[in-house]
Structure formats: C-alpha cells, structure tokens
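> What follows is each chain in one-letter form.
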Amino acid sequence: MRDLAKEPEAARRALETMWTARRFEEAVDQLFARGLMHGTMHLSIGQEASATGTCLALRDDDLITSTHRGHSHCVAKGANLTRMMAELLAKDSGYCRGRGGSMHIADVATGNLGANGIVGGGIPIAVGAALAQKLTGSGKVVVSFFGDGAANEGAFHEAANLAAVWDLPVVFVCENNHYGMSMAADEAFAIDNISARAGAYGFPGVTVDGNDLQAVYEMVTTAAERARAGRGPTLVENVTYRWKGHSKSDKNLYRTREEIAAWQERDPITRFEDAVRKAGSLTDPEITAARKAATDAVREAIRTANAAPAAPADRDLLLDAVYADADAGNHAEVPA
Amino acid sequence: MRDLAKEPEAARRALETMWTARRFEEAVDQLFARGLMHGTMHLSIGQEASATGTCLALRDDDLITSTHRGHSHCVAKGANLTRMMAELLAKDSGYCRGRGGSMHIADVATGNLGANGIVGGGIPIAVGAALAQKLTGSGKVVVSFFGDGAANEGAFHEAANLAAVWDLPVVFVCENNHYGMSMAADEAFAIDNISARAGAYGFPGVTVDGNDLQAVYEMVTTAAERARAGRGPTLVENVTYRWKGHSKSDKNLYRTREEIAAWQERDPITRFEDAVRKAGSLTDPEITAARKAATDAVREAIRTANAAPAAPADRDLLLDAVYADADAGNHAEVPA
Amino acid sequence: MTTPTSPTVSPDVDNPTDGPGVAAAGATPGDTRELTYAEAVRETLTDLMADDERVFLMGEDIGVYGGAFGVTTGLLERFGRERVRDTPISEIAIVGAGVGAALCGMLPIVELQFSDFVTCAMDQIVNQAAKIHFMLGGAAQVPLVIRAPAGSGTGAAAQHSQSLEAWFAHVPGIKVVMPATPADAMGLLRAAVDDPNPVLVLEHKLLYKQKGEVPAGHYVPLGKAEVRRRGSDLTIVATAVMVGKAMAAAEELAAEGIEVTVVDPRTISPLDEATILTEVAATGKALLVQEAPRNAGFVAEIAARIVESDAFHTLKAPVVRLAGLDTPMAYAPELEKASVPQIPDIVVAARRLAKGA
Amino acid sequence: MTTPTSPTVSPDVDNPTDGPGVAAAGATPGDTRELTYAEAVRETLTDLMADDERVFLMGEDIGVYGGAFGVTTGLLERFGRERVRDTPISEIAIVGAGVGAALCGMLPIVELQFSDFVTCAMDQIVNQAAKIHFMLGGAAQVPLVIRAPAGSGTGAAAQHSQSLEAWFAHVPGIKVVMPATPADAMGLLRAAVDDPNPVLVLEHKLLYKQKGEVPAGHYVPLGKAEVRRRGSDLTIVATAVMVGKAMAAAEELAAEGIEVTVVDPRTISPLDEATILTEVAATGKALLVQEAPRNAGFVAEIAARIVESDAFHTLKAPVVRLAGLDTPMAYAPELEKASVPQIPDIVVAARRLAKGA
Ligand SMILES: Cc1ncc(C[n+]2csc(CCOP(=O)(O)OP(=O)(O)O)c2C)c(N)n1
Ligand SMILES: Cc1ncc(C[n+]2csc(CCOP(=O)(O)OP(=O)(O)O)c2C)c(N)n1
Ligand SMILES: [Mg+2]
Ligand SMILES: [Mg+2]
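Residue numbers (our numbering), protein chains in the order written: chain A, 1 to 336; chain B, 1 to 336; chain C, 1 to 357; chain D, 1 to 357.
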C-alpha cells in the first residue's frame, strides 16, 4: 500500500485538499455569522481526513453520494470552489443555479452525485449507481458517505442488504462523528462499533481512525479494490469529530467544551502535516505553501462568486426548471 | 425448563392449538377453492409449532403483533374461532365487522394487536406496545411475529434498534419459512442465519428449529424472561416452511415438489405427537381426541359464522366507522 | 368479486403510433391486435428491453413468479436475471436503486407490488426522484419509471386497495399516468420510458384482464387527454377504472336520450387542462368521477381548474363529484362495492345533472 | 430571510376555553397572556404532561437540544428522560412506536423534526395509524399526535420546506390541523391530544416566533373554522402562514375601501365546510390561498366544495386560487420568496377579484 505522507505529490495534494475544505468552511462560517449567507449549513471542520482519504483512494471517474455535511466530500472529489461558493451565495453560476444550496450541491462531472438533505437518503441512490456500474461493466466504484445517525435509518438497512445480495461495487463510508445532531452515538446504538453492522449483511466492516488520513486511505483502497473486483461492498467506519455545532442553531448543550477541545487536539490536518514532516517528503515551506494555496483559492472563489449575478427570481424560469426537457430524450448526463 | 410433551395438560393444549390452526386453515383453503370465500389469504399450514410454541411461552396478558400470515398466531393467542371465521366470511360478527378480513384480524382482548397487510408494518408497532409496557411498568412482554422477507424492510431495522437502545420488553420472532413470496431467503440475504442480525443491534439472536414446538417454547421462554426482567429484546428465528402457496395466486414455480414433500415429512404436529407418545403423557385416544376437538371446533365455527348476517353494505355506517368517537375521549381499550 | 363491467373502449384512433417507431415484439408495426391490458404492458416491456440495453426491471417477485398480477411472466426467461431483477422486500432500496441507476444513465423500470407500498418509499419518490433535476439546477436527470397496481375491487382491504394518485399530482417533478385501456397501457408506458423525468405509472389491477385493440408499437404522448366519446348534454371526466364505468353508463344514458362526453385525462400530471376545459365548456355541465376517496382527491383539482377558468362562465349547474367514500377500503365484497362509484351511481348522477338546470 | 410581516391576529374570543378545563402551567385558567407560537406549544405540552401520566414525547433531538426549533426546550429537565424521549434518526420507528404505544392506552406526542420527513414514515401514518380503528372494526383506537414543522421561508430548500397537508386530508382516519396563531397552536394541540384518533399537527416554522394573546388552558375544538375578519366584498380562505398574510393584505385592501372576509379553516380534516360555504356565499367571491404548490393542493378541495354546493349559485366570479409555484422549493432567498404567495400577491388578486364582475 502507498504511504501518502512519503510521496511529495500525494502529500501535497492531500494537504491542499484538506486545507481547502477547512478554509472553505471557515469562510462559510464567517459569511453566515456576518449575515452574508442564508439558509442553513453543516460544517465538516475536523472531519477532513475522512473525505480526503476516501476520495484519494478512488479513481477520478469513480462516484460518490454525499450528505448534508458534504462540503469536504465535494472538495475532495475535485469540485470547482467558485461554483460551490456561488451556490451557497445563491448565484446563478452556482452548481445548482441557486436552487439547491448547501444541502444539494452535486458535481456530476467529478462524479459527485449530490449532497442530500434527507439523512440516509443518498445510500440507496449510491447502491443504484453501483448497480448501473455493474450492469454496464464500467469498472467504476461508488462511495456512499453517511453519518452515524444515518445508520439507524431504514434506508441504510435496505440499501446495504441489496448491495450485499447483488455484490455491488459500493463502499459504505460511515463518518461516525459521535453525534447525530445532538444524539450521542452511545445512546443511538447498543453496539460499540457501527462497522459491526456489516455482519448483518454478510460483508466486511472495519472501524478506522477517521482523523488518520493514511488509515482511511488504506481501508477505502482495500474496499474499493474488493468492490471493483466484483466482490461486493464493505462498510468503513471513520471515527471522527465535528468541531462546530451541527448547524447554525446549535448551542452545543449535549457535549462539553473539554470534549471538543480534546478532539481539536487530534486535528487531522495537523496530524498529517506531522506525518509528512516526519517522512520528509515536503519541506516546511512546501507545507506552508499548500496551506496558502488553499487559502488563496478559497479567497479567490469568494471574490469571483460574489461578483456573479444572483439567481434570477423569475417564476417562469423556475417553472421551466422542474422537468427535464422531454424532447431532448432520456440521454444520460453521466455516462455510466 | 418445562418439557411440554411430558405434561398431559400442556401437551393436550399444544396439540389442540396446532390442530385448530391447521384445521381452520384447511377449511379456509377449501372455502376459497369452492368460491365461498373472497379476497386473498395466506396460510401458515406447516408453521403451527412456531405460533403455538411462542404463545405457550407467553402469559395470557402478554401481547403480540402478527402478520398477513396470521391465523395461527391468532388461534395460538386464544382467539375465538367463530369470530375469526365470521371475519373471513365478511360477517358483521367478525372480529373486524367484515371491514378488515384475514390481513387485519386482531383480538385486543387476548392481546393480539393485529395482523398486518404491510410486510414489516407490525414490528415498530410491537416496539411501541413494549414501550407502553415499560412506561406503565405492566410487566407484560410483546412478541412481534414477522417473516424472513420482513427482515429486509427498513421498519425491522429501525424498530429493532429502538428496542435495543431502550431495552424494551419485546421478543422479535422471525418465522423464516425460506421464502418471501417467491424470493428464496438464500437470495434475499447474504448471511446464513437471520438471527445474526441481532448482533447489529446489540441483543442476542438465536436460530431455532421452528418445527420443534419444545425448542420454540424454550427459546421464547428465555427471551420473554429476559425482556420481562428489563434486559431488552431477543431475536428468535424459527426456521420452518409453508406447505401451501404464498396466496391463492401462487403456482409454486420457485420451488420443487420434492422440497415441499421433504418438509411435509417434518410436520411439526406429527413431530409433537410423536414426542407426546414417547413421553407417555397422553394416550393414543387422548391424542386423537385433541385432534377431533379441533376439527369439531372449526366445524362449529364455520356453522355459526355462516349463519350470521353479512356485514351491512351501508355507506353511512362505513363513514361513521372511520373515526373513534371524539366525545368518548381517548380512553384506551387495551389497559396497558 | 366486484369486478365491474368493463366495456371495451374504442382504440386510440386519433393517436396512432406517433412516438419513436419501435418495432413491437412479434408484431409488425401498424398491426392492431386484441391484447389484455396486462399483455400490453408485458409486450411493451419486452419491446423496450429488446430495443434498449439501458432498460431493466427491478421489483419483488417479478422473475419466476411473474409479479403478483402476472404482468412480467416470461420476461426472466427472455432477458435473464441481470435485467429482470427480483429484489428483497425493500421498497426504499428498490426505488432508491432505481433513482441511482437512472442518474447514471440507465432506464430502470421498477415495480411496486401494490401501489399502496409507495408509502414505504415516499422519500425516494418525492424528495429524491422528483426533485433531483430541479435541486441540482438541471445538472442531472432521473429517467425512472415506477409501475404500480392501484385500486380496489379484489377484496384485499385497506392496505392493498388505495388510489393515491392525488398525492403525486401534488409533487412537482414527477409525472403521473393512469392508463384506462390496453392501448394506453402500452402507449403511456412507452412514453414514460422515453421521458427523461420520473414517471409513476398507476396500472389498475381490475383492468389487467380487460381486452382491447392495441396497435403494435403504440405510443401515447404524456400530457394528452383522450375524448372517449362526445355528447352534448354533459361532460364526464373519469380516471382509470372509472373510464370504463363512465363509458358503460354513457351507453345506458344514450338509450334514454342523454348524450354525454367522456374525457379520460390519461396523464394526470402534467394535466391536459385545455382538452378538459374545452369539453366541459361545450356542455356546460361537469361530472367528475374517481375511485379514490373524495376529500382532497384528484378530481378536486379538475373542479378547481374548471371554476377558476373561463369555463366557469359556461357552467349551467354546479360541478358534481362522484368519488370513493372517505373511508379506508373495507374487506367485505358488498362493502367494497358500496365504497366506490358503480355504473348505476354514474347513471343516476349524470341523469340528475343532465336534467337539472 | 423572507419572514413575512406577521400581523398579530385577534385572539380567539368566540371560542374561549370550552374544552376540558385543564389548568395551565404557571397561569390561572382564564388568564390571557402574550406568548409566542412556540411558547404556546411548549406550555400546552407542559400542561398535558403534568396533567396526564399517559402523555409522553418522542422525537429527534427534543431533549437537551429542545428540538430543531426550540419548541421542547426545558421539558426534559422538567419531565425526565422517560417521558421526553430522544430517539435515534428512525422516523418509521418513531411514528410506529407512537402507534403501538397509543394502541396500548398511552397518549404519545411524537415530533418529526421537519414535516418533510413524513415521507420516511408514510406507512405508519397512513396504513397503520389512520386505518387501524376502521380495519379492526372499531376494536382499537390510536390516540397518537404527530407534530411537525411545515412550510418554507428559512432557506432550507426543497427537502425541508414542503407543505404536505393535502396528502393527509386525502387519508380518511387521520385528522389534520394547521394552527395559524399562538392561541390556536395551544388550543388545537390540546384538542388533538384529547381526541381518540391520530391527529397530525402541522406547525408552521415561520410562525414559531410570532406573538399573540393566548388564554390559559385554551382549547379549540377540532373541525371548527375561524372567521378572522368579515367584509362584504370578497372571502379569502387561507391556511397556516397565509392567514397572517391574508390579514395584512386585508388591512391594505380596507384602506382602499375593499372589505374582505378572512376564513381560517384551522382543521383541514375534518373540514368545517359549513362555515366556509356560508362565508363564501355571503360575498359571492372566493380567493383561496395556500403556500403549497397549486396542483392538487388542499384549496382545490375547497374550490370543489364551493362549486358542488349551493354556494355555486351565489358566485359572482370564478373562484381564484393563489398558491405556491408548482416547483420544488428553491434555496435562494429571492427565489423562495417568488415561489409562494406574498402579501402584495394577495392584495393584487383580491383587488382584481373584488373589482371584477
Ligand atoms: C430523514 C431525516 N431525519 C432527520 C433529519 C434532520 N437531521 C439533519 S442532519 C441530522 C443529524 C444527522 O446525523 P449523522 O447522520 O450522524 O450526520 P452528521 O450530522 O453527524 O454529519 C438530523 C437529525 C433529516 N435531515 N432527515
Ligand atoms: C411493504 C410490503 N411489501 C410487499 C408486500 C407484498 N407481500 C405480501 S407478503 C410478501 C412476502 C412476505 O414474506 P415474509 O416476510 O417472509 O412472510 P411470509 O409470507 O413468508 O410468511 C410480500 C412480498 C407487502 N404486503 N408489503
Ligand atoms: Mg454524526
Ligand atoms: Mg417467508
């Protein structure tokens, strides 16, 4: 297995991706606080190694489904920051033309089939996408991201079983950040590891330190290989932690300041920077440069997105947008 | 643990219950074939030890939820045969006044909260009933019957987990008769024993020879004790087989005649009769008498039910029956 | 059994094969043969699968069992297990897998064994399939077809007899068709698969055995109502099994000298409002007939469209609705029959409306 | 944010506490205080739980978090974990457990975090809760209350902004209320818990912070509409957040000399048809306003009831519907605002209707 920290290009890419996700969400947090952004949003700050390690284990044309907490998945899969930011700023140039917002960003071109506002809603969709890969023999793999809370939805159960009995090329990546909104995983489950649920469907499950980029990368690589070889799904549980509240309305009453601080000590980005330093693959200036590249890219994205025209509040345009044009036929936009 | 075959009264009761269920369904089958019964029905012939062994392990005031294949549960929990038959014959004196039919028979007085036309639909209801017992400290236990097929519904998953995290007094009895309609359990599951799913929720699961009345009785007794002691649910998988088609439209194309014949060799009633004979608790005439009592009771039920007036096809009566009378207040009919 | 008299309604002569010219299985295009409604669905599925690799089927017991109503009989043998996929009993996963496969360029046709089971998959149908194209700003489409047998009449009681079309007409982003004849069963299904949007095809289980003339390769565009007969006294708008009942009632009424128009919307979303309003305006009297319970049912929408349009000014009498009772469906055959409009009910209501001011 | 101007509508003076006289928490019966809509719900929950051991709460994040909209804040401390039950994210189990507990004599009040998530629990709501009493021939009842925040206006986009009341009005066996004021939020909830049938309480999330006078222990019987103001030119029937908008529009219209009646059905199933028809007949003009998409929405039912009744003959103009766009709800604030009727839209439509023939 590759050791990402040891390969300069991979290490740089991983760092820049994690920093980009981090900086993007920090910016979003501020824009919100300053009343410049609207609606609601769910930040994955602290969870970047899960998204990044997972996506680094995939091929560019592999697919993912994401969640309400999806910015880092989106970034890690290679989305355009300006279009992401434009979407959050309700611009016509956003990924969803201002119609979807944070919970519905998708980037079909980079294989991101979309965030989802329904907890667990993306899991059956991922399984269907995997079925399409199997039927067409595309050789592609689908990763379904979801949270600990989502593992208690019926959608998870049905989708996991279907993938199992059909040996579909899907990897279930459960990002266990210890809470479903305010509900502690300890109280929502009577088992220690969510990965143990894989046994109920007959495929392997593993629990991983989700703040260890290399560990995530290795597990998902193994799982993706298995999937690609036609041997069916794997459940990878990335244990991690969200630093920020669930959404803007969260007062963090269900957890302690100490707990948050302890997890901030385990910052996945710092950890990987340390690993890179130890491996000696990048110099300190190179490490700093990766961080700065991310900061600059986000700043530039905000600038460009901000300057773009707002999504037009035109009723006819909205009505026209409900159905795909029947005359254009049912030709897929994602070549399967 | 008691050995039912050794106790004359228990043995007689078990035999009579199983024979009653068998004779009842044989009668239903014939009434259908002769065009005297309407709608659809699902027979549990061949599965009687599961229903009977389970209900014998319960107290009279314990509760059950049942399924579309629910006649034997209903009989085993002590329902009135005439009212059951009257319901199937669409009579006003039927359990549901002719409004529910086979898939909705309930007998609140004997603790049967109802059959269900929705696969898996009764499982969350059983969990809620168990929650009521816990909240009121009634000491009662709830058994939720469901099929192998139902274990792939989201409802099973969510309900099982909820019962687990709240340590509810419920016993999940999965009657694995090898098929969900035409779908072989082998193809619907990538695991060998459905009972293994209990591990996903953190409670015990056991697979039982569902055609062995004593084995079922013992497992459910243990599970019910555990539940009553506040130690939470158990999943008991009764492996059994249905002799008849799924419903009247079934051509049995998905299984072989030989398979059916092999299972008929393992008739749960014959097996228990043999055990009783071996134990010497009942004489042959007594065994025959139990069977005859069942046959007579069913014959009498048909006679009485047949003579009763049909449910009146009165639109106003139907409209009146939709809502419980608000003036009567929300007083429960099942004292919890 | 309360199977209603199902008169063979006239074939769809105004709308011959005007869609993509797909050759029908075992039939030369242009041929017209008598098929049952179930056969028409089966033949269409066969054609579509033979014609386009992207089409595949998923559902409970659709393989060797042939589906609860025998509609997919023989398809497993012809197309194999990869394309005729028996599923576990998992409606969320069935529909969700359809959504995901459709997003990736396949053309899945999924079957829900009874339309009542949409209740187990509403999130995937309503929040995912119907909304994805819009929510993603047009960047993806979900060409998913969901087939589901609807309606009462088989003694299957309250959880297996519902007519839930109104719910989906209220969901922007999904199209809804209710074929009332074998020809429409073929033509609308073909159009549904041809459409880049999710389409819910509500087949009526009492119609499966009904026979009718079906042109080979028949195609009925979505969103076009059919005027099944014309008369000057009154306009009946009816859906699904009520179309046949309305036609039978019309025959009886004609014998008494009352001439009625019968309009079958066929697609209820998007609705062919123009045809309905024109036909109602032509007679000035509207009788709206559905099997579903009255309250907030689909024909309420038709009533609303009539009275908020210019057709309002042409009305000579209040609009009349005939609908199922506002009750869950009862099991007993006579109760079931009493719960939905029957031919005599339509005759009586139409007669009263025709004779009234 | 598109929070509409929410005029404080007048308290329910015609319907003072006429239900069971339950003493309000921290307030003497008969007292009238200003409360927000959220406070009114919270106080009612507190009263009911204090008063009846059978009442308990279940839902996602209703404990220490106080619910996504803070409605249940403080109840965990007061009543403890047994009676204020935080659940896993499992809507089928939440509603299903409510059904089972209700069947066994408890009075569960379950919260769905957003009303959109009914889609995850439709079987339990529609096939179980609503039908059990009927299917079982009356042998059981399901006194389950489901609370759910509905509607748009918070920038939460298509899966968190729906107004799905029409679906449930189409389901015999469940009652549906849509409180539009703090007083009704209290009174209808109390009546809902008092009712032996399942009741869906659709709270509108934009109203939670709205203030209004609330009589302590207030009780509003189910199935009774409220005439919020009377005028002779035209009758507006509006639901939920549209009631406040209609009242604001009415003020503007009054300034131009157009006097409107505003009727709030409050309970949409069973509907107080008599009041609506009387008020429409009194002016001869009806403007029906809802937030939900137009197609097959609830006010279509009101339109149908009007035109199939004698009120039809009193109509001086076509019935007018103002409704949400037939689209999924968009995220961008201006798009969201454009997607549902706003006060100026009501003013314009009312003016046109009042002045037209
Ligand atoms: C079906 C459904 N139920 C509830 C919600 C409300 N909700 C949004 S996010 C969330 C918590 C999800 O927890 P988890 O799956 O662990 O993801 P995390 O937020 O921790 O990333 C909840 C309850 C929802 N969006 N959809
Ligand atoms: C939600 C739902 N899906 C599908 C069906 C149709 N159906 C009725 S029984 C059945 C098979 C059930 O299998 P299982 O749970 O194993 O019970 P069994 O019939 O074998 O007793 C199916 C698919 C249904 N009634 N409800
Ligand atoms: Mg989480
Ligand atoms: Mg089975």
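Mixed in with the good hints, there may be bad ones.
To be verified - Subject to a maximum C-alpha distance of 27 Å in a straight line, what follows is the list of computed DSS-like cross-link-like pairs (lysine-lysine):
1) C:337 x B:248
2) A:251 x D:316
3) C:316 x B:244
4) B:251 x C:355
5) A:251 x D:209
6) B:251 x C:316
7) D:337 x A:248
8) D:355 x C:316
9) D:224 x C:355
10) A:248 x D:211
11) B:248 x C:355
12) D:209 x A:244
13) B:248 x C:209
14) D:316 x A:248
15) C:337 x C:316
16) D:337 x C:316
Hint data in this document are derived by calculation from the structure and do not stem from the laboratory.
The structure displayed is predicted, hence computed values, not measured ones.
> Evaluate each hint against the coordinates.
Do the hints match the structure? See the list:
With a CA separation close to 21 Å, the supplied pair residue 337 of chain C and residue 248 of chain B stays within the 27 Å bound. Taken as a hint, the residue 251 of chain A and residue 316 of chain D pair is broken in the structure, with Cα atoms around 55 Å apart against an allowance of 27 Å. For the hint pairing residue 316 of chain C with residue 244 of chain B, the CA-to-CA distance comes to about 59 Å; that exceeds 27 Å, so the pair is violated. Restraint check for residue 251 of chain B and residue 355 of chain C: the C-alpha separation of about 52 Å exceeds 27 Å, so the hint is violated.
Taking the CA atoms of residue 251 of chain A and residue 209 of chain D, the gap is near 18 Å; set against the 27 Å cutoff, the hint holds. Under the criterion of a C-alpha separation no larger than 27 Å, the hint pairing residue 251 of chain B with residue 316 of chain C is inconsistent with the structure, at around 55 Å. With a CA separation close to 21 Å, the supplied pair residue 337 of chain D and residue 248 of chain A stays within the 27 Å bound. With a C-alpha separation of about 24 Å, the suggested pair residue 355 of chain D and residue 316 of chain C falls inside the 27 Å cut-off, and the hint holds.
For the hint pairing residue 224 of chain D with residue 355 of chain C, the CA-to-CA distance comes to about 36 Å; that exceeds 27 Å, so the pair is violated. At roughly 23 Å between alpha-carbon atoms, residue 248 of chain A and residue 211 of chain D fall within 27 Å of each other, so this suggested pair holds. The hinted pair formed by residue 248 of chain B and residue 355 of chain C fails the criterion: a straight-line CA distance of about 47 Å is larger than 27 Å. For the proposed pair residue 209 of chain D and residue 244 of chain A, the alpha carbon gap of about 25 Å is at most 27 Å, so the pair holds.
Distance hint between residue 248 of chain B and residue 209 of chain C is fulfilled; the C-alpha atoms sit about 17 Å from each other, no more than 27 Å. Taking the CA atoms of residue 316 of chain D and residue 248 of chain A, the gap is near 50 Å; set against the 27 Å cutoff, the hint is violated. The suggested pairing of residue 337 of chain C with residue 316 of chain C is violated, with an alpha-carbon distance near 31 Å, which exceeds 27 Å. For the hint linking residue 337 of chain D to residue 316 of chain C, the alpha-carbon distance of about 39 Å lies beyond 27 Å, and the restraint is violated.
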